[in-house]
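Number of protein chains: 2
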Amino acid sequence: MTTVKKLGERKIIGLILEALTLPPMLIPFGDDVSGVEIDDNRAAILKIDMLVGKTDVPPTMSLWQVGRKAVVMNISDFAAKGVKPIALLVALGVPADFLKRDIEQLAKGLNAGAREYGANIVGGDTGEASDLVISCSLFGLGKRNLLMLRNGARPGDIVAVTGFFGKTTVGLKLLLENLVVPSAARKSFLNSVFRPNARLNEGLALSRSGAVSASIDSSDGLAWSLHEINRASGVGFEIDNLPIAPEVLEFAKRKRTDPVELALYGGEEYELVLTIKQRFWNKASQAVRDVGGSLIRIGRVVRKTDMVLQWKGKTISIEPRGWEHFKSGK
Amino acid sequence: MTTVKKLGERKIIGLILEALTLPPMLIPFGDDVSGVEIDDNRAAILKIDMLVGKTDVPPTMSLWQVGRKAVVMNISDFAAKGVKPIALLVALGVPADFLKRDIEQLAKGLNAGAREYGANIVGGDTGEASDLVISCSLFGLGKRNLLMLRNGARPGDIVAVTGFFGKTTVGLKLLLENLVVPSAARKSFLNSVFRPNARLNEGLALSRSGAVSASIDSSDGLAWSLHEINRASGVGFEIDNLPIAPEVLEFAKRKRTDPVELALYGGEEYELVLTIKQRFWNKASQAVRDVGGSLIRIGRVVRKTDMVLQWKGKTISIEPRGWEHFKSGK
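These protein sequence lines map, in sequence, to chains A and B.
In this text, residue positions in the first sequence follow numbering that gives the first Met the number 0: the first is 0, and each later residue adds one.
In this text, residue positions in the second sequence follow numbering that gives the first Met the number 0: the first is 0, and each later residue adds one.
Derived by calculation from the structure, the hints in this document are not laboratory data.
Computed from a predicted structure; not experimentally measured.
We put the beta carbon where it would ideally sit given N, CA and C, even for glycine.
Fair warning: there could be bad hints in the mix.
Short derived list, chain A residues pointing at chain B, Cβ under 10 Å [as the list claims (entries may be wrong)]:
id: 1; residue: Met0
id: 2; residue: Met60
id: 3; residue: Glu103
id: 4; residue: Val121
No more than 30 Å apart at the CA atoms, straight line, and that leaves these computed lysine-lysine pairs for BS3-like [stated by the list, open to error]:
id: 5; chain 1: A; residue 1: Lys83; chain 2: B; residue 2: Lys142
id: 6; chain 1: A; residue 1: Lys83; chain 2: A; residue 2: Lys107
id: 7; chain 1: B; residue 1: Lys252; chain 2: B; residue 2: Lys276
id: 8; chain 1: B; residue 1: Lys142; chain 2: B; residue 2: Lys282
id: 9; chain 1: A; residue 1: Lys254; chain 2: A; residue 2: Lys303
id: 10; chain 1: A; residue 1: Lys142; chain 2: B; residue 2: Lys83
id: 11; chain 1: B; residue 1: Lys4; chain 2: A; residue 2: Lys53
id: 12; chain 1: B; residue 1: Lys107; chain 2: B; residue 2: Lys83
id: 13; chain 1: A; residue 1: Lys172; chain 2: A; residue 2: Lys254
id: 14; chain 1: A; residue 1: Lys53; chain 2: B; residue 2: Lys282
id: 15; chain 1: A; residue 1: Lys254; chain 2: A; residue 2: Lys282
id: 16; chain 1: A; residue 1: Lys99; chain 2: B; residue 2: Lys276
id: 17; chain 1: B; residue 1: Lys99; chain 2: A; residue 2: Lys53
id: 18; chain 1: B; residue 1: Lys107; chain 2: A; residue 2: Lys4
id: 19; chain 1: B; residue 1: Lys83; chain 2: A; residue 2: Lys53
id: 20; chain 1: A; residue 1: Lys313; chain 2: A; residue 2: Lys276
id: 21; chain 1: A; residue 1: Lys311; chain 2: A; residue 2: Lys276
id: 22; chain 1: B; residue 1: Lys53; chain 2: A; residue 2: Lys53
id: 23; chain 1: B; residue 1: Lys53; chain 2: B; residue 2: Lys4
id: 24; chain 1: A; residue 1: Lys276; chain 2: A; residue 2: Lys303
id: 25; chain 1: B; residue 1: Lys53; chain 2: B; residue 2: Lys5
id: 26; chain 1: A; residue 1: Lys313; chain 2: A; residue 2: Lys172
id: 27; chain 1: B; residue 1: Lys5; chain 2: A; residue 2: Lys99
id: 28; chain 1: B; residue 1: Lys53; chain 2: A; residue 2: Lys10
id: 29; chain 1: B; residue 1: Lys311; chain 2: A; residue 2: Lys10
id: 30; chain 1: B; residue 1: Lys311; chain 2: B; residue 2: Lys252
id: 31; chain 1: B; residue 1: Lys53; chain 2: A; residue 2: Lys99
id: 32; chain 1: B; residue 1: Lys142; chain 2: A; residue 2: Lys99
id: 33; chain 1: A; residue 1: Lys5; chain 2: B; residue 2: Lys53
id: 34; chain 1: A; residue 1: Lys53; chain 2: B; residue 2: Lys5
id: 35; chain 1: B; residue 1: Lys282; chain 2: A; residue 2: Lys107
id: 36; chain 1: A; residue 1: Lys5; chain 2: B; residue 2: Lys99
id: 37; chain 1: A; residue 1: Lys4; chain 2: B; residue 2: Lys276
id: 38; chain 1: A; residue 1: Lys142; chain 2: A; residue 2: Lys186
id: 39; chain 1: A; residue 1: Lys311; chain 2: A; residue 2: Lys83
id: 40; chain 1: A; residue 1: Lys142; chain 2: A; residue 2: Lys276
Sequences are here, hints too, so could you generate the full structure?
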């Protein structure tokens, strides 16, 4: 019989989906969040996530950082949909040899993550587990007409992101492969692993602007996120301005590794990946600047469902791969 | 340093609580569910729970039953508050050697649990974990004036439950200690472990009746539930009609064990424990009968905060103990 290790996360989700009786859904199953109608204008927005010590926590990350990150992962999905998070519930599975101060650090990190984005932890559950497990469930109220889903991208739209890619992937490589790099660069890479930020202000501003046709966060990597919009919207992408972080380009040069690989196929990054209606580009761009962020144009949506990258005069196919639980085996 | 094993679940929750910035709450922290205001009349009702394979799944329980139970645990808390569950999110931590059919069975059980009570699974997350972990998060909309909290019990109220106690405790004993009992009794005991039911119809009917002053489910055992209402309401209880299941009395006699212990200090039972305003007793009782259930009077609320049981002419103190994670070590 096939083990889940062989199946991989996407096929497991497929199996689960087959077993479910799905009701008519406000937001299609598989989008970043779920929605339940509250009234004509509003929807309850819901999300659950699980962080597991063994697979999701890199070496030397503190428990405060782990707690904070467990929350930020969730907030990032709300950011991508343009919904303000309100209340968070946390279920904690704790190994029996955890110490009192471990719990305190973890709880402070969880609280810090929530407060940073204006949410509060309002309930939870705790029990013993073989490995540290943090399951966060987030609730918010969204205006139904302002939700940014994955399925609205149309040919001609501009593809954009809220930041540069590759730093987290390099950071994880540093931690797992013990590579040596200059200390300032090291600090910046590790910071993106240990202290990720959700683009909540950007997401809320973009949602209000009405300029966005599709949106997703990039927690499974840039390539994967593009493919998710592609699948949900039935369109293709031509990326001609790959948003690689300058430090990552420098790192790739030094270590003779492929920067495209680092920027496209990473994961655990929390930028927003968006498609913007062309005529609203300036409005969207201004809306993000107004909250202190920046919107980077990286390509355009095309009719043909291919996914290609223009890079140094060549056309490269963007593959549907990235960070996947069970299979990646960090 | 103190490990969590020594601390126990309640102290761990205390530590977490200290680290949190709590907002003004519609429902006090620590009640069965959390609430967020939606409008003048309605509240979003939220709950998260975590079931861990190692500690929460007895031997020979099937994965279908495990999935179903993970949902029923959550529904039971909604039942106790009188809130109809609408949408469920499930985060699944799966051991790497789980098989395809294991996932299918688990997912079918989860779906069955949700559908049985009119809810739907609308989203989730999955990842690898050392042990099976199922975290369910439930959402519903409650009428604010009909919520049944823990803190409204007043002297003179009647204490009542929706069913008899002890069968699950005996069932767990049978599974863990390999005791021999007649096969019909064995079936009934194991059924209460493998196929627990939430008293949702009873909870909804009682909430509509307006007769209830305090309510909780009995997932941590009858004694513990009584003490929770006691703590939250600042009252005492005199229990004079301990609701022991007849099969449990019979079992206790045969095995020369204390039936009071079995009925009071178990856990994983999903009856409702309620206090009812005396003048509304008939109304409450009728409301429960109308949905096919029964309301059993077991005692009364008193001013003195003691917790006592009248049993065979003796007055016994009811201790604040029951099933507790980390410490019980099933």
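Status of the hints after comparison with the structure:
{"no.": "1", "hint": "Met0", "in the structure": "holds (4 Å)"}
{"no.": "2", "hint": "Met60", "in the structure": "violated (17 Å)"}
{"no.": "3", "hint": "Glu103", "in the structure": "holds (6 Å)"}
{"no.": "4", "hint": "Val121", "in the structure": "holds (4 Å)"}
{"no.": "5", "hint": "A:Lys83 - B:Lys142", "in the structure": "holds (23 Å)"}
{"no.": "6", "hint": "A:Lys83 - A:Lys107", "in the structure": "holds (22 Å)"}
{"no.": "7", "hint": "B:Lys252 - B:Lys276", "in the structure": "violated (36 Å)"}
{"no.": "8", "hint": "B:Lys142 - B:Lys282", "in the structure": "holds (20 Å)"}
{"no.": "9", "hint": "A:Lys254 - A:Lys303", "in the structure": "violated (36 Å)"}
{"no.": "10", "hint": "A:Lys142 - B:Lys83", "in the structure": "holds (23 Å)"}
{"no.": "11", "hint": "B:Lys4 - A:Lys53", "in the structure": "holds (20 Å)"}
{"no.": "12", "hint": "B:Lys107 - B:Lys83", "in the structure": "holds (21 Å)"}
{"no.": "13", "hint": "A:Lys172 - A:Lys254", "in the structure": "holds (12 Å)"}
{"no.": "14", "hint": "A:Lys53 - B:Lys282", "in the structure": "violated (54 Å)"}
{"no.": "15", "hint": "A:Lys254 - A:Lys282", "in the structure": "violated (40 Å)"}
{"no.": "16", "hint": "A:Lys99 - B:Lys276", "in the structure": "violated (42 Å)"}
{"no.": "17", "hint": "B:Lys99 - A:Lys53", "in the structure": "holds (22 Å)"}
{"no.": "18", "hint": "B:Lys107 - A:Lys4", "in the structure": "holds (20 Å)"}
{"no.": "19", "hint": "B:Lys83 - A:Lys53", "in the structure": "violated (36 Å)"}
{"no.": "20", "hint": "A:Lys313 - A:Lys276", "in the structure": "holds (27 Å)"}
{"no.": "21", "hint": "A:Lys311 - A:Lys276", "in the structure": "holds (27 Å)"}
{"no.": "22", "hint": "B:Lys53 - A:Lys53", "in the structure": "holds (16 Å)"}
{"no.": "23", "hint": "B:Lys53 - B:Lys4", "in the structure": "holds (15 Å)"}
{"no.": "24", "hint": "A:Lys276 - A:Lys303", "in the structure": "holds (18 Å)"}
{"no.": "25", "hint": "B:Lys53 - B:Lys5", "in the structure": "holds (18 Å)"}
{"no.": "26", "hint": "A:Lys313 - A:Lys172", "in the structure": "holds (27 Å)"}
{"no.": "27", "hint": "B:Lys5 - A:Lys99", "in the structure": "holds (10 Å)"}
{"no.": "28", "hint": "B:Lys53 - A:Lys10", "in the structure": "holds (25 Å)"}
{"no.": "29", "hint": "B:Lys311 - A:Lys10", "in the structure": "violated (59 Å)"}
{"no.": "30", "hint": "B:Lys311 - B:Lys252", "in the structure": "holds (15 Å)"}
{"no.": "31", "hint": "B:Lys53 - A:Lys99", "in the structure": "holds (22 Å)"}
{"no.": "32", "hint": "B:Lys142 - A:Lys99", "in the structure": "violated (39 Å)"}
{"no.": "33", "hint": "A:Lys5 - B:Lys53", "in the structure": "holds (24 Å)"}
{"no.": "34", "hint": "A:Lys53 - B:Lys5", "in the structure": "holds (24 Å)"}
{"no.": "35", "hint": "B:Lys282 - A:Lys107", "in the structure": "violated (47 Å)"}
{"no.": "36", "hint": "A:Lys5 - B:Lys99", "in the structure": "holds (10 Å)"}
{"no.": "37", "hint": "A:Lys4 - B:Lys276", "in the structure": "violated (56 Å)"}
{"no.": "38", "hint": "A:Lys142 - A:Lys186", "in the structure": "violated (39 Å)"}
{"no.": "39", "hint": "A:Lys311 - A:Lys83", "in the structure": "violated (40 Å)"}
{"no.": "40", "hint": "A:Lys142 - A:Lys276", "in the structure": "holds (20 Å)"}
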